[in-house]
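Take a look at the letters that make up each chain.
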Amino acid sequence: MRGLGALRHEAVRLMTRWRYWVAGLVMLMFGVGSMLARASDLVIGAGTAGPVPYSGSMLWLTEIDNAGVYFLAWPLIIGGTLAEDLESGLASLLITRAGSRWRWFAAKLGAAYLSSTALLIVLAAVWSLAAVLIAPWDPTHAGSVVPWGRDLASSAPVLLGFGVVLILGLAAAATSTSTMLLAALGAGRTVSQVGATVAYLAFMFALPGPINPGERAAVLNVFAEWATPLTTLAYWVGVFGLTATATYVLLRVRENQ
Amino acid sequence: MNETIFDTTTSVPVRSRVAGPLIDVRGVGKIYGSTTVLEDVAMTVRPGEVVGLVGPNGAGKTTLIRILSGMSRPSRGEGTVLGRDIAATTGRVPFMGLMVERPMFIETLNARRNLELLFSIRGVVDGSTACDVLERVGLDPSERKAVRTYSLGMRQRLSLAQAIGERPALVVLDEPTNGLDPLGIVEMRGLVRELADRDGMGVLLTSHLLAEVEAVCDRVVLMHGGRARRVYAPGDADSRSTMVLEVAEPSDIERAACITALEVIGREGPLRMRVKVHECVPDVIRALVGAGVGIEAIYRDGNGLERAYMEAVGE
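Keeping their order, the protein sequence lines are chains A and B. At position 93 of the first sequence (counting the first as 1) the number is 92 in numbering that gives the first Met the number 0, and the numbers step up by one without a gap. At position 215 of the second sequence (counting the first as 1) the number is 214 in numbering that gives the first Met the number 0, and the numbers step up by one without a gap.
One or more hints might be untrue.
[To be verified] Chain A is nowhere near these chain B residues, computed Cβ spacing over 12 Å in every case:
| # | residue |
| --- | --- |
| 1 | Pro181 |
| 2 | Ala214 |
| 3 | Glu267 |
| 4 | Cys279 |
[Said to hold, decoys possible] Example chain A residues on the side facing chain B (calculated, C-beta under 10 Å, incomplete):
| # | residue |
| --- | --- |
| 5 | Gly4 |
| 6 | Ala5 |
| 7 | Arg7 |
| 8 | His8 |
| 9 | Arg16 |
| 10 | Trp17 |
| 11 | Gly88 |
| 12 | Leu93 |
| 13 | Arg96 |
| 14 | Ala97 |
| 15 | Gly98 |
| 16 | Arg100 |
| 17 | Glu254 |
No wet-lab data here; the hints were simulated from the structure. The beta-carbon is built from N, C-alpha and C at its ideal position, and this holds for glycine as well.
Using the sequences and the accompanying hints, generate a full structural model.
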C-alpha cells in the first residue's frame, strides 16, 4: 500500500452511505432539540447554573445527553462493512490490494474513526452555533456544566470542543468495532449490527459505573473526580484496542477454519 | 527472483524480472481441523498462458485460489507465486489482479470513481488509467450512474477492469462469465485470450461453463475432492485427434470400426461414435469412403473437457 489509499477507500465507502447522512441529521435534530428543551422544565442533565461560554460546554451537554442515541446509531452505519466484505469476498480483493491483512484492517478502523470525527465536527459546529443563538432564551444557563477545564472553556472554547470531538470520535469508532467483532465471529451484516446494538444496550443497563458507557456519561455530568480527559481517553482507547485486537485475532483464526 | 513486478514509472509489467513460471507450486495441501480440503495439488502458470480450474462445488478451487493469492497459508506444499514463497509465514501478498466471484464496489459512486479509488490503494497506476481500462472491458468511462444501478454483467466487467487495470503479470478470475449474457460471454472470452496473447499476462480462471473453459484455456486442471485429478489440454495432439463420426446407417458403425486409420473409443447412439484418428482427416475420410461407410459428418469433439470432467468427477 502506498500512501493512504486503503484508508481513503474505506472512508469514502462509509461516508457515501445514505445512513451516514441520515444518522447525522437525526443526531443534529436531537442536539438542537435538547437545547430547546432546556428552556422549559424538561431540562435533562442541565447541571448547575452560572454564566459560561456556550460553544464548548453546550456541545458536551448535548452529546452526553444524547450519547445513547449516538452510539446506538453508529453500529448501524459503520459496522456492516466488515461483514459485507467477508460475505461477498471483497475482503480477499482489498487485502490483496492493501498488501497485508493488518493494513486492510487498520484502514477499516481508521476510516471508522475519521468518519465519526468528521461527522462530529460538523455537528459540533452546528450545535455551537445553535447554542449561541439560543443563549438569550436559555434561562437555565445550561452551558454551565464544564466537566473538564473550566478555564479552557472560557479562554479557548473551540479548542475544548475540538478535544471533546476527538475523544467522542474514538468512542464512536470503538462502538462500531464491536460490530466488526461480531462479524469476525461469523455473524452476517444484519446480525452483527443488531447484535452490537443489543450488546450496547446491555452495557448501558447492566454494567457498573466505571465500565458502563452510559453510567460514565452520567458521572461526567456530576463532575466525578476521576473523570478527567486522560481517564476518559484511556477508557475508550482500551475498549477500542481490545475489541480491535480480538477482532483481528478472530479473523486470522477464521482463515484456518 | 525480484518481487517487483511492475515498473511503476511506465506501468508496464516487467516480466523479465519474473524468471520462469508465474505460479509454480507442488504438493499443496490444506487441512482445516481434521478435514482435508486440499491435497497434493501441483500447478504451473506461465506468462501468456490461460489455465482453467474446474470442479464441482467443494472441490477445493476457492481454497487453492486463496492460497495462491496469499490469503491463506497452505498446511503443506511448496512453491512460489510471482516469486513469493506460498509457505512463508509473512510476506507481501503477490502483486496480481484478482476478480472475486461476487463483485462489490462502493454503490454510490460511478464505475470510474470506484476504479480510481481502488487503484489509489496500491498506487502503481494513476487515475487516468481508469478510463482506458473501462473502455477495454466495454464500459463507458463517462457514465455517471452509480454502481448500484448496474446489472450483474456490468459489475462483472467492472470487476475485470479493476483486476487488469494495473497491468499485473498474473490475473486470477473467479467465475468471470457469471451473470453475463451470451454476447458478454463471447466478449469476455476474447478479452481473456487477448490478455494472454497480446499482453503476455498469465491467467488463472475458474468457471462452471465447461465449453467456455475449453474454448479459452490452454490447460485445464480438473479438481475433485480436494485433489487435482487430471490436467486437460484442449489444444494438445491427443485432444485434437478425438473426433465425432456420424454415419448414415447403423451398419456403417461396424464398417468404420474395421478401418485402421481410426480407433473407436465410444459409441453415442446407433449413428454416432467418438473416434481417435491416427492419420490426417482427409486420409481418414478417404479410408471411410473406400470402406463404403456412409459419412454424414465428421468433426472435432467439442466436449472433450466435459468428458474429462465427468471421468475425473466419477473416479
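Given as non-interface: Cys279 (chain B), partner chain A, CB spacing beyond 12 Å: holds (47 Å)
Hint Arg7 (chain A) vs chain B: min CB-CB distance below 10 Å? holds (6 Å)
Against chain B, is His8 (chain A) within 10 Å by beta-carbon distance? At about 5 Å, which falls below the 10 Å cut-off, the nearest Cβ of chain B leaves the hint on His8 (chain A) intact, so it holds.
Classify the hint on Gly4 (chain A) as holds or violated, based on whether any CB of chain B lies nearer than 10 Å to its CB. Result: holds, 4 Å to nearest chain B Cβ.
Ala97 (chain A) as an interface hint toward chain B, with CB separation required under 10 Å: holds (6 Å)
May I ask you to check that Glu267 (chain B) keeps its beta-carbon over 12 Å from the closest beta-carbon of chain A? holds (39 Å)
Minimum Cβ distance from Gly88 (chain A) to chain B below 10 Å? holds (4 Å)
The hint names Arg96 (chain A) as touching chain B; please verify it with the least Cβ-Cβ distance against 10 Å. Nearest chain B Cβ about 4 Å off; hint holds.
Hint Trp17 (chain A) vs chain B: min CB-CB distance below 10 Å? Since the shortest Cβ distance to chain B is 8 Å, the answer is holds.
Does the nearest C-beta of chain B fall within a distance shorter than 10 Å of the C-beta of Glu254 (chain A)? Constraint on Glu254 (chain A) satisfied, holds at 5 Å.
Given Arg100 (chain A) was flagged as interface, is its beta-carbon under 10 Å from a beta-carbon of chain B? holds (9 Å)
Should the interface hint for Ala5 (chain A) be scored as holding, given a Cβ-Cβ cut-off of 10 Å against chain B? holds (5 Å)
Hint check: no violations occur; every hint is consistent with the structure.
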